[in-house]
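The primary structure of each chain is shown beneath.
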Amino acid sequence: MASKLMKSNILRSLPARRFAAQAATKSSDYGVLPREPLKTTTLPNGVVVASIENQSPLSRVAIAVRGGSRYETPDNRGATHLLRIVAGLTNAENTAFGLTRELQQLGASLACSADREVLIYSADATRNHMDVVMELLANAATRQVFKPWEITDIKPHLKLDVETTPAEVSLIEDLHLAAFRQSDLGNSVVAPHHLIGQLGPDQLASHLSRTLLAGRTAVCGTGIDHETLVEYAQGLQLPQGEGPAPAARYGGGELRTEIGGGVALVAVAAEGAGRSSATAAQQAVLQAVLGAGAVVKYGAGRGVLGAAAAQAGGAAAALNAVYSDTGLVGYTVAAEADKAGQVIEAVNKAFKTTSLTAEDVNRGKALAKAAVLRADDNSGSCVETMGVQGASLGKVSAVSDALAAIDAVKLSDVQTLHKRLVGGKLSMAARGNLRTVPYLDQL
Amino acid sequence: MASVATKAAGGGAMQWLRRWAYSASGFNKLGLWHDDCLYEDDEVKEAVRRLPERLQDDRTFRITRAMQLSLSHQILPREQWTTFDEDIRYLKPYLEEVRKENREKAEWSKK
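Order-wise, the sequence lines are chains C and B.
Using my numbering, the first residue of the first sequence is number 6, and each one after it goes up by one.
Using my numbering, the first residue of the second sequence is number 33, and each one after it goes up by one.
Take the hints with a grain of salt, since some may be wrong.
Claimed, not checked - No more than 20 Å apart at the CA atoms, straight line, and that leaves these computed lysine-lysine pairs for PhoX-like:
#, chain 1, residue 1, chain 2, residue 2
1, B, Lys77, B, Lys137
2, C, Lys430, C, Lys354
3, B, Lys124, C, Lys152
4, C, Lys357, C, Lys424
5, C, Lys152, B, Lys77
6, B, Lys77, B, Lys124
7, C, Lys400, C, Lys44
8, B, Lys137, C, Lys152
9, B, Lys132, C, Lys152
10, C, Lys424, C, Lys354
11, C, Lys357, C, Lys302
12, B, Lys132, B, Lys77
Worth flagging that the hints you see were computed from the coordinates, not collected in a lab.
Model, not experiment: these values are computed from the prediction.
So that you can see chain B by itself, here it is in the shape it has in the complex (with noise of 0.2 Å):
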């Protein structure tokens, strides 16, 4: 899932079918962003620990509704559905920085 939803450079038809895939993965249907669909590893964890207090309740609401929409076996009506354009890879910065940082001790525990 991780190289659908990435707005890199592209010609005019990479970016049509990066949109068609983003709609054809069904995430946004509930709600959810890219984000918030990553599985959660030790690194991912510490990520969202690391993320301002706004960005986690945002984050917990679309899950907690994603939830609640999946267990009644229903999705959001159309409008609100997730935009490709409105899809903010918001973890992204912080679970480089994990990654960074664990790469370091990897490092260092070589020595």
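Chain C extracted, bound-state conformation (with noise of 0.2 Å):
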């Protein structure tokens, strides 16, 4: 509610040439904060801490959980997108209003994303709030208390995002229901449609008291104190238990989705690593050097099969998606769709029959990286990586050791990979005007 006055130039620039002089002599009120690395500590019941002192003016908490939507059971289907849009309702402690107006009165921010895995509840704010901020998101993410008439109310939002959903994500949905068929891994983030009536608060509490458990929580920060944190995760009451376990089942299939339109959009994948197997670092080497996108807006995709695509008339992408037990490796697809055929049998092409150079390997070595450090330095990304790490690994790995691990991948390590993938049984997912597009098994 400031209001500032104009202020003519000459009257301004007199008082502050004075204060400059003056500030020149006085030393910084409040010293240099030390830089320092990732910290972490694992508490005794289970929850995992993590922090960096990044110096940066804001702080990030997250707590992250290991309840994405893999861990929905038959009944609960839909209930980690419902989570994600009820994160800022009344909970034990605050109401809707009143939690809305204190983040906007501190200039804070409170928001909640999940994936397949894990479920992560997120706020930032700046340093002198953050202390009450930690406390909102504490009150957020683990003592949620799920009014009907909050839910219902908000169920018409639900229903705009799903209606809403980017062909390019339900193209992502549907290859991992190919590939992953009714196991854990092929449920979908966004709730099915013919689910949200049933949808409700019992689905809700049904779905946290699975996973809202000490074992499969991280609580990760930046631009905070790691003693602060400890004492912060401390405080949360969580309750003990296993909950479910990863249980994926790689299948194949294809799935494919006739909605007209001018494009087709392709998705083909075989079965990858997981997160924590010693050849994931070779799949990010083989993401990079396949091609992992356009680095200049506009441009054509990069890669083998960036290049093999933009030669046919299309755009393709180097696909990794990587899970605590399983992954996903293959390639996206985009064309027009007369084009969509052609495109489609180039890069495939490409995907089964190129042979790597030492060069490649290099190059899909520093891209590698270059993607590892660039997700670090956003302190957004990097929250979100540290708790997806310590809720679905139960530690977290420094920046240092992700490069390690790309810098010792040999080339000889990535022909293996690649030749097991394109051997393997592949799954394919498709989306839009499929007139041209071939099926899996003529590919």
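Put the complex together from the two separate chains, hints included.
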């Protein structure tokens, strides 16, 4: 509500010069905050705490829970989607209105994101307000109270979300359903349309009671002191328990959704390794070699697949979805409906028959390392990465470990991996105008 | 009417007085409960909206039956009158919550 008075330049410059002269002689009030590397602690109740002091003016804290959509049961399918939407509603300590106003008053933000493995509640604020915001975050993440009328009032939002799901997201969901069939990784992060009606407070509560457990939780932060974060994590009241174990079974198959339009989107993948496997780094390098999107805006895709697609008149990128026990490695293709068949043939040929050279692998390593460092540089994605690792694996590795693992990848490793992938059973998902898109067995 | 039907702790004499006042007030003869008789201002309307469906349906039935009795100048047979003990203040927790929320909003708009 501050109002700024317009001062003329002359009047403003005189006092500014005087203050500037004074400031030069005074030393900083707060001293220099030392930068600190990743520190992790595992509490006796199983909660993993990780923090990095990155000298950022913002503090970010996230509570990550291993309760993504793969751990939904047939009775509460779609619960994680609704949980994302109701994160800011009334909890045991704050009303929805009060929570929103408090956050606004402090200039903080609270968000909830989820993927197949992990549900993450995160908050950020300037450092001086972070203690209040962390308390609000703990209430929102661990002390939910689902008021039936609030859930009913917010259902239209869920419907809107489901119906405006972008085609690319639906494509990847279809790919997972085709690959993992009805087993846990086939569960979509988007609530199924026909099950929206049955989602209510009971379904949300049952999902949380199965998955919101101390042994499945990680508390991560950047721009925050490690001791503060450990104390905060100790104060969270989380029940003990094991919760559901990952049980993904790769089956393979295809899913075609004809919706017309001018574009065809296709995704093809084979089963890959999990996050903690020895081949995870090799997979990242392979993805970078094959081509993980464009660096230049409106530029053609790079990498082996990107080049092949661009020649045929479409676009392609390599896909590498990694989960704790398994993953998907393959490619996605987008092309105009008429050219889609040619583009997919070209990309598939490149995917299956490309021979990798040492130069390719070095390029892939450089790109993979850059991607890791870029994610670490952004404190939002840094906290998310720490949360995903902590919640799904139970430990958080420093960026230097990831870089070392990428450095250790050899040409022969990547070639073996590539041969194994193309020899395995493939899964395919296609969406859009599919009149020229081949079937999986025609590839 | 609010003070009449509350079951606050009191001596034997107070309890007797409450029971007598309840039967004298007459809404129980139409089969109504105390919370059915509340004047429907915005807070009560919101509290009723939040009631679980079963409680809302029961309330609607009782009110409709009472309106029918009233227009035909009848009352229920004695065995169907609401008793002091079966009259539960079902709307009270929801109404308290609505009032608390409105107070919070008023506090915030003062700032």
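Evaluated hints:
With a C-alpha separation of about 18 Å, the suggested pair B:Lys77 and B:Lys137 falls inside the 20 Å cut-off, and the hint holds. Distance restraint check for C:Lys430 and C:Lys354: the Cα-Cα separation of roughly 16 Å lies within the 20 Å cut-off, and the hinted pair is therefore satisfied. Between B:Lys124 and C:Lys152 the CA atoms are separated by roughly 16 Å; this keeps the pair inside 20 Å, and the hint holds. Distance restraint check for C:Lys357 and C:Lys424: the Cα-Cα separation of roughly 8 Å lies within the 20 Å cut-off, and the hinted pair is therefore satisfied.
Using a Cα cut-off of 20 Å, the hinted pair C:Lys152 and B:Lys77 holds, with the two alpha carbons roughly 17 Å apart. Distance check on the hinted pair: B:Lys77 and B:Lys124 sit about 13 Å apart at the alpha-carbon level, within 20 Å; holds. This hinted pair checks out: C:Lys400 and C:Lys44 have alpha carbons roughly 11 Å apart, not beyond 20 Å. Our distance criterion of 20 Å between C-alpha atoms is met by B:Lys137 and C:Lys152, whose separation comes to about 18 Å.
Restraint check for B:Lys132 and C:Lys152: satisfied, since their Cα atoms lie roughly 15 Å apart, inside the 20 Å limit. Between C:Lys424 and C:Lys354 the CA atoms are separated by roughly 13 Å; this keeps the pair inside 20 Å, and the hint holds. Proximity of C:Lys357 to C:Lys302 is assessed by CA-CA distance (about 28 Å); at most 20 Å being required, the pair is judged violated. For the hint pairing B:Lys132 with B:Lys77, the CA-to-CA distance comes to about 15 Å; that is within 20 Å, so the pair holds.
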